[in-house]
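Participant: Below, each chain spelled out in residue letters.
2 protein chains.
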Amino acid sequence: MKIIIKQSVLMEHLNHVIRGISSKNLIPALNGIKFEILEEGIYLYSTDNDIAIQSFIEKENIINIEETGNFVINGRYIYDIVRKLPNELIEIEEVLSSKINISTTNSSFTLNCVDVKEFPNLEIEESKTPIKLSNEMFNEIIHQTSFATSNQESRPVLTGINFKFNKNNLEVIATDSYRLSKKIVKLEEKVKEDINVIIPVKNLVEITRLFSTEKEILEMHVFTNKIIFKMNNLIVLSRLINGNYPDVSKLIPEDFTNIVEVNLEEFYNSIDRAALLTNEADKNTIRFETKNNNAIVSSTIPEIGYVEEIIQIKKEKDEDIKIAFSSKYMIDALKAFENEQIKIYFNGEVKPIILKENDKDDLIQLILPIRTY
Amino acid sequence: MKIIIKQSVLMEHLNHVIRGISSKNLIPALNGIKFEILEEGIYLYSTDNDIAIQSFIEKENIINIEETGNFVINGRYIYDIVRKLPNELIEIEEVLSSKINISTTNSSFTLNCVDVKEFPNLEIEESKTPIKLSNEMFNEIIHQTSFATSNQESRPVLTGINFKFNKNNLEVIATDSYRLSKKIVKLEEKVKEDINVIIPVKNLVEITRLFSTEKEILEMHVFTNKIIFKMNNLIVLSRLINGNYPDVSKLIPEDFTNIVEVNLEEFYNSIDRAALLTNEADKNTIRFETKNNNAIVSSTIPEIGYVEEIIQIKKEKDEDIKIAFSSKYMIDALKAFENEQIKIYFNGEVKPIILKENDKDDLIQLILPIRTY
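Just so you know, the sequences run in chain order A and B. Going by my numbering, the first residue of the first sequence is number 1, and it counts up by one from there. Going by my numbering, the first residue of the second sequence is number 1, and it counts up by one from there.
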């Protein structure tokens with residue numbers, strides 16, 4: 001095994017696979033990056049058994065593949081070493097058995113390898129009918145829903161995001177049972193059969209980081225117990241979460257007793273300031289009360305003090321509303337929107353609060369109120 | 001008590017005093033900022049009993065001082081509130097007894113005050129003969145010496161930096177007994193009598209952050225058990241550390257058996273890379289060996305691998321040297337230099353290693369070697 005490659009090229013691909021390594025792993029192979037050197041190029045692999053990453057360096061981007069072969073090397077060390085080497089040519093060569101030498105003009109590192117046989121078989125494969133989506137849209141979906149997932153391992157399905165494909169319709173739902181985010185996306189091509197999967201949120205967020213750069217088409221290949229995301233030379237495999245995702249369709253009402261339109265920035269800033277006088281122990285409770293064309297946002301920590309914020313609103317129905325909710329949940333939900341104005345829909349003080357950019361349903365944020373009045 | 005002030009002006013001064021508050025403090029007054037509103041302006045104070053900060057807002061920068069008075073308010077809350085308010089006029093007014101209202105057009109915060117009597121008397125005073133130094137030089141001194149102090153509370157004097165003033169000479173020393181930094185500065189004006197004080201490094205680093213902006217003259221007012229730093233409207237008081245600083249004058253030899261000149265960047269990079277294969281348990285040991293016009297920097301973690309780096313050197317004496325030292329200490333020491341070339345002075349493998357930019361003694365870094373050969 002012997003190759004010569006530019007430091008910058010190798011670094012670009014190590015930047016991908018390093019994200020598949022969990023530093024806490026006790027199994028040496030799972031702290032390793034596998035190099036598979038073939039005539040057509042070099043495949044780099046990493047996995048923590050929850051996510052797996054494959055990054056392919058094409059032959060054209062490699063100075064020389066003198067000899068093919070495989071090896072597995074501690075990921076954190078090879079990453080830090082290559083990162084600190086100057087942007088010169090790097091020679092990587094197998095020396096003795098199970099040792100790899102990494103050298104430039106003035107530096108020579110010799111590292112012990114991990115047994116290739118210990119590295120898991122990743123079963124990266126492609127389906128014939130991948131679903132296609134722009135990576136921009138994918139990142140938007142995750143940004144607008146991921147915060148609403150649960151981090152309680154007691155209900156595993158809620159630690160994932162539910163993706164439901166039906167014809168050219170994609171419905172994405174995340175909920176921790178106190179709030180819910182729902183995003184609807186139109187696909188360019190219809191899917192052949194309905195798909196309903198739950199993907200761990202941790203992996204989805206990692207994928208948005210990996211695929212964040214250029215505007216490209218992202219392919220999703222869905223299998224029974226895994227999903228594969230592919231963009232150019234980069235492939236990420238995520239396991240799926242087993243179980244049935246709760247049916248939330250009846251949670252979102254059709255009719256409302258109060259509809260209020262607010263300026264997003266003004267409303268966000270008032271909640272953000274009022275949130276200073278809330279605390280976790282009190283569920284970050286904030287009060288919201290409309291009075292004619294104004295709304296009053298207020299909160300208190302009795303030992304510290306209290307705050308009142310006034311904002312202008314437009315009411316679509318004449319009745320006033322008095323309700324309380326978590327400032328944290330409201331701030332998370334508001335961050336998902338970009339419109340200048342948003343609409344808030346109420347059904348009294350104990351029913352879910354719905355937020356939308358307009359009367360369409362492409363993005364819905366739902367928050368359960370807190371009963372205090 | 002009632003004032004009207006621009007958000008941006010108040011924020012600038014809160015940015016100063018917030019640094020004097022320790023979030024871990026259990027005494028409410030030490031989590032507070034004291035506002036002293038006088039005809040001539042507003043003094044803001046904070047302290048954690050180790051450092052104290054006073055920031056003065058001149059009358060000219062205040063829209064209106066309607067009524068004078070004093071109050072103490074939780075520092076973290078007032079800081080976050082003012083930071084999140086829009087850049088408008090803020091009205092601060094005493095309401096009821098021991099409550100303060102902070103308001104803008106749409107926001108109104110009412111905060112409980114801390115009893116003014118509980119706020120410590122800071123004893124901020126000025127001497128008639130302050131020592132003057134540019135804040136740039138002060139920051140350079142701290143940057144070049146602070147890392148060499150000890151964080152072991154068992155020898156309190158070593159957790160400080162020793163400042164010795166003698167005529168127009170300032171000698172600054174920091175050591176943790178394994179390494180030492182020494183900086184000599186010429187003062188514009190002679191001091192009247194010798195001064196020898198030990199200042200806590202934590203406070204000195206905090207002061208460099210507070211005084212880092214414009215190029216200004218920094219005044220130092222030295223008292224028996226405290227030192228006061230003054231720059232424009234900002235005053236910082238630090239307690240002094242009691243005790244005798246060790247006499248280190250004999251530690252730095254006059255003659256050397258080997259003198260080696262290296263390119264700073266090249267040497268730094270080779271140590272930085274070789275340090276990847278060192279660990280704390282092994283004192284981050286790195287080996288350095290000269291051979292004619294080259295030096296070899298090497299290290300190993302047996303389970304992981306080993307590294308060899310070659311750099312070019314100029315030798316002032318013909319004998320070769322083989323020595324080991326902590327890569328961490330060497331990296332810290334090298335960061336203090338800016339010259340393209342530096343000189344390293346040796347007296348065999350067990351005597352201190354000295355680093356200087358040239359043959360002058362204005363900046364000396366000393367590192368004890370590690371005996372391994």
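Everything labelled a hint here was simulated from the structure, so no lab data went into it. Heads up, a few of these hints could be off.
It does not matter which identical chain is used: a pair holds within one copy or between any two.
[To be verified] Once the Cα atoms are required to be at most 25 Å apart in a straight line, the calculated BS3-like pairs of lysine-lysine come out as:
| id | residue 1 | residue 2 |
| --- | --- | --- |
| 1 | K283 | K24 |
| 2 | K84 | K328 |
| 3 | K335 | K84 |
| 4 | K192 | K117 |
Participant: If you test the structure against every hint from before, which numbers come out violated?
Facilitator: 4
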